[in-house]
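Chemist: What follows is the residue order along each chain.
There are 2 protein chains.
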Amino acid sequence: MKERILAEAERLFWKYGVRSVTMEDIAHQLGISKKTIYQHFNDKEQILYQVIQDKTGRDQSEMDCMVTETSNPVEEILGVLNMIRKNTDQVSPNLLIDIKRYYPQAFALFRQYKEGQIMRSILENIQKGISQGIYRSDINPTILARLRVEQIELAFNHDLFPSDQYSMHDVQAELMHHFVRGMLTEKGFTIYNQYVNQYNHEVK
Amino acid sequence: MKERILAEAERLFWKYGVRSVTMEDIAHQLGISKKTIYQHFNDKEQILYQVIQDKTGRDQSEMDCMVTETSNPVEEILGVLNMIRKNTDQVSPNLLIDIKRYYPQAFALFRQYKEGQIMRSILENIQKGISQGIYRSDINPTILARLRVEQIELAFNHDLFPSDQYSMHDVQAELMHHFVRGMLTEKGFTIYNQYVNQYNHEVK
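For the record, the sequence lines run as chains A and B.
Each residue of the first sequence is one higher than the one before, starting from 80 at the first, in the working numbering.
Each residue of the second sequence is one higher than the one before, starting from 80 at the first, in the working numbering.
Keep in mind that a hint or two might mislead.
A pair counts as met if it fits within one copy or between any two copies, since identical chains are not told apart.
Quick list of in silico lysine to any residue cross-link-like pairs, SDA-like style, CA-CA up to 25 Å [unchecked claim]: (1) K94 to N272; (2) K113 to I209; (3) K113 to D168; (4) K193 to D238; (5) K266 to I218.
Simulated from the structure, these hints should not be mistaken for laboratory data.
Use the sequences and the hints to build the structure in full.
Modeler: Have a look at this one:
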């Protein structure tokens, strides 16, 4: 039951944000009573915390797989973009705003994931790219890794990219491609162009 | 007298931030009494407001000159980097933090300058670059202009780039060069490399 509650809560939070989803809504969707939910969780914040913990864990595993399965840092970073697309296609722009404003513990967990695992993954990607001659050797890995981490949150910022003017995926894709291109060597560009052409071909 | 007060206040604010500089300090440095300052300004916030208004006006003129004097968008954007270096070499990391936290009207003025003139200058630079075949035609100018505006503030962020680990100029330069490279076409790279080689040569 606990797993079903978490899965349904995640689906509703992602679709509508956290504030507008009530314990009643979650119970109703599952065809159970609120009492059943309270047997497993104290409040909505506790559910949210668990949802974020599970979700970041799964994202991290998926990212680790990508690193093992891809053959170079450019393919890896474009793979992450696909992952982000899958994750943000259905996400409400309220989700991160709600968490940031009203659920400090859950936000701290998200922040910790961002500063820890995401930061580390990006830094490793950059260092690998430099050592393979795909990224320029005169870039500063820590400054650019920090830039990339901040870009992820930037794309969620409603004031900067209002959702009636921008799709979140377009913003993420634009920032990600620009980020990669800004690091590429000539050799890197050859590899990058292959993936981009191949991808455009698959989409058409 | 008003001009002398503004010039001295600007120098002290830039060097130490706003909070730690008193009316007494400004008067003392000029060898005048506090009373003389109060004949021209009601309080420190009014001085700060005027300082920012003058400074952004001068920066804008300098930027406009650069656009007329340079022969292409890459030279222009690297010229802006030099301008930023001159401006941030002596700047206290407290300056923007103080203004953001304690002087809302002055911060609103800075914000207005950023959202208005800086945003417009960057957008024009990008559009010119695309039309000259120096920047890629498949980039989204408004998304990238927004990214660049946010990067300027990012480099001032003490939490992200602590001043005991990073020089503000290095961060600005890293972000700016990465920003330009992420937009360049092959033709653009040829022009960019010329300027970078020339600059490195001059520095040595």
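Chemist: If a hint holds in the structure, say so; if it does not, say that too.
Modeler: Going through the hints against the structure:
Proximity of K94 and N272 under a CA criterion of 25 Å is satisfied in neither setting, with 35 Å inside one chain copy and 47 Å between copies. In this homomeric assembly, K113 and I209 never come within 25 Å of each other (Cα to Cα): the closest approach is 54 Å inside a single copy and 58 Å across copies. Taking identical chains as interchangeable, the C-alpha atoms of K113 and D168 are never at most 25 Å apart, the minima being 30 Å within one chain and 60 Å between chains. Taking the closest pair of Cα atoms, K193 and D238 come within 25 Å of each other both inside a single copy (21 Å) and across two copies (14 Å).
Both within a single protomer and between protomers do K266 and I218 lie at most 25 Å apart by alpha-carbon distance, with minima of 16 Å and 21 Å respectively.
In summary, the numbered hints that this structure violates are 1, 2 and 3.
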